[in-house]
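Number of protein chains: 2
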Amino acid sequence: MIQQYPSALLENAVNEFAKLPGIGRKTALRLVLYILRQDPSFAENLGEAIIQLRKEVKYCSVCHNISDAETCSLCSDPSRDASTVCVVENVREVMAVENTRQFRGMYHVLGGIISPMDGIGPSDLQIESLIQRVASGQIKEIILALSATMEGDTTNAYIFRHLAPYNIKISVIARGVSIGDELEYADEITLGRSIINRTLYNES
Amino acid sequence: MIQQYPSALLENAVNEFAKLPGIGRKTALRLVLYILRQDPSFAENLGEAIIQLRKEVKYCSVCHNISDAETCSLCSDPSRDASTVCVVENVREVMAVENTRQFRGMYHVLGGIISPMDGIGPSDLQIESLIQRVASGQIKEIILALSATMEGDTTNAYIFRHLAPYNIKISVIARGVSIGDELEYADEITLGRSIINRTLYNES
Numbered sequence: 179m180i181q182q183y184p185s186a187l188l189e190n191a192v193n194e195f196a197k198l199p200g201i202g203r204k205t206a207l208r209l210v211l212y213i214l215r216q217d218p219s220f221a222e223n224l225g226e227a228i229i230q231l232r233k234e235v236k237y238c239s240v241c242h243n244i245s246d247a248e249t250c251s252l253c254s255d256p257s258r259d260a261s262t263v264c265v266v267e268n269v270r271e272v273m274a275v276e277n278t279r280q281f282r283g284m285y286h287v288l289g290g291i292i293s294p295m296d297g298i299g300p301s302d303l304q305i306e307s308l309i310q311r312v313a314s315g316q317i318k319e320i321i322l323a324l325s326a327t328m329e330g331d332t333t334n335a336y337i338f339r340h341l342a343p344y345n346i347k348i349s350v351i352a353r354g355v356s357i358g359d360e361l362e363y364a365d366e367i368t369l370g371r372s373i374i375n376r377t378l379y380n381e382s
Numbered sequence: 179m180i181q182q183y184p185s186a187l188l189e190n191a192v193n194e195f196a197k198l199p200g201i202g203r204k205t206a207l208r209l210v211l212y213i214l215r216q217d218p219s220f221a222e223n224l225g226e227a228i229i230q231l232r233k234e235v236k237y238c239s240v241c242h243n244i245s246d247a248e249t250c251s252l253c254s255d256p257s258r259d260a261s262t263v264c265v266v267e268n269v270r271e272v273m274a275v276e277n278t279r280q281f282r283g284m285y286h287v288l289g290g291i292i293s294p295m296d297g298i299g300p301s302d303l304q305i306e307s308l309i310q311r312v313a314s315g316q317i318k319e320i321i322l323a324l325s326a327t328m329e330g331d332t333t334n335a336y337i338f339r340h341l342a343p344y345n346i347k348i349s350v351i352a353r354g355v356s357i358g359d360e361l362e363y364a365d366e367i368t369l370g371r372s373i374i375n376r377t378l379y380n381e382s
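Order-wise, the sequence lines are chains A and B.
Heads up: the first sequence runs through residues 179 to 382, numbered per the working numbering.
Heads up: the second sequence runs through residues 179 to 382, numbered per the working numbering.
Keep in mind that the hints were calculated from the coordinates and are not lab data.
Warning: the hint list may mix true and false statements.
Because identical chains cannot be distinguished in the list, a pair is counted as satisfied if it fits within a single copy or across any two copies.
[As the list claims (entries may be wrong)] Within a straight-line C-alpha distance of at most 30 Å, the following computed DSSO-like cross-link-like pairs (lysine-lysine) qualify:
1. K197 - K236
2. K233 - K204
3. K318 - K204
4. K318 - K236
5. K233 - K197
6. K236 - K204
7. K318 - K347
8. K197 - K318
Using the sequences and the hints given, assemble the complete structure.
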C-alpha cells in the first residue's frame with residue numbers, strides 16, 4: 179500500500195512509533211494523531227520521559243534490577259532476608275513475585291534467559307555475577323523462578339551446574355495445575371508433573 | 179493489583195505511555211523495557227520525534243491538513259483540480275483517498291465530525307472556513323466523504339444546509355455493498371441503499 183504522509187514530521191514520528199514491538203504503521207499513526215490532539219505538554223512529558231529514562235537508567239550493583247540508585251530499594255532494605263535469593267529473568271518478574279507478597283528475600287535479575295535461537299548465551303546474562311554472589315558466602319538458598327519453557331529449563335540447568343560446587347540449597351518454583359484451572363483442560367506434562375510433585379494435603 | 183516499580187524513572191515512563199489510547203499498563207511496561215534494551219539513540223529518536231512533531235506541526239491555511247509549510251503539498255500542487263473539494267474528517271482519510279488514486283481535486287479537513295455525545299459541535303470543526311472557501315467562488319463541487327455513521331450523516335446535513343445558498347454541486351460518496359462482500363452477509367440498510375442508488379451496468 180502506498181502511504182503518502184502530508185508532513186515529514188508526521189512521517190518521522192509514525193516511523194519511530196512503528197519500531198516498537200506490536201505497533202504497526204496504522205496504530206502508530208493513530209497514536210501520533212492522538213498526541214497531536216492533546217495539550218502540547220502531553221507530547222513534551224511523553225518524549226522527555228522516554229529520553230530521560232534511557233539516559234539516566236541505573237541497574238542495581240547487587241541484583242541488577244532497574245534502579246534509581248547504585249543499590250536498589252529491595253537490596254538496601256534491611257528487613258529483607260539476604261540469605262535467600264530468587265533468580266528471575268527480568269524486572270517484570272521481580273514485580274510479579276513482589277505482588278504475591280509471599281517472598282521476603284532478595285532477587286537476582288539475569289536480564290534474559292539462555293536462548294540459542296536468539297543468540298543469547300550465558301555470557302550475555304548476569305550469571306557470572308550470581309556465582310560471585312553465591313561465592314561470597316552469605317546466601318543459603320537460591321530459588322530459580324524462570325519461565326516453564328525449554329529456555330527456562332536450559333538456564334536452570336546451566337545455573338544449577340555452576341552453583342553445584344557451593345554448599346547451598348537450590349530450588350525451583352513449583353510447576354503444576356494453575357489455581358482455578360479445571361483438571362480436564364490441563365496439559366499432560368503439567369498434570370504429570372503435578373502428580374509426581376504432589377504435596378501432603380495438610381501442608382497445602 | 180499492586181504494582182511496585184523499582185524505579186521512579188521507569189514508573190514515569192510507563193505512566194506516560196499508558197496515557198495513549200489502547201495502551202494499558204502491561205503493554206506500556208513491555209514497550210518501556212523494549213526501549214531500554216535498545217541502543218540509547220532509539221529512545222532519543224523516538225522522544226525527539228514526538229516532541230518536535232507537537233512543537234512544530236503546522237496546519238495548511240487552505241485545507242487544514244497537517245503540513246510542514248504554510249500551504250500543504252496538495253494545495254500548492256498546480257496540477258490538481260482546485261474546483262473540486264473533498265471534505266474529510268481527518269488526515270487519515272486524506273491519505274486513504276489519495277491511496278485510491280481516483281481523485282485529483284483538493285481536500286478540506288474538518289478535524290472531526292459533529293458528535294454531541296463527545297461535545298463536538300460545528301464550531302469545533304473547520305466548517306466556517308469551508309463555507310468561506312466556497313463563498314470565494316472558485317469551487318464547483320463539494321464531495322462529502324465522511325463516515326457512514328449517524329455522526330457522519332449529521333455533519334453532512336449540517337454542511338449541506340450551510341452550502342445550499344451557493345450555486346455549487348454537493349455530492350456524497352457512494353454507499354453500497356463493499357467490493358468482495360457476499361450479498362447474503364450485507365446488512366439490510368446497506369443493501370437497500372445499494373438498490374436505490376443502483377448504477378447502469380455499462381457505467382459501472
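Violated hints, by number in ascending order, as checked against the structure: 3 and 8
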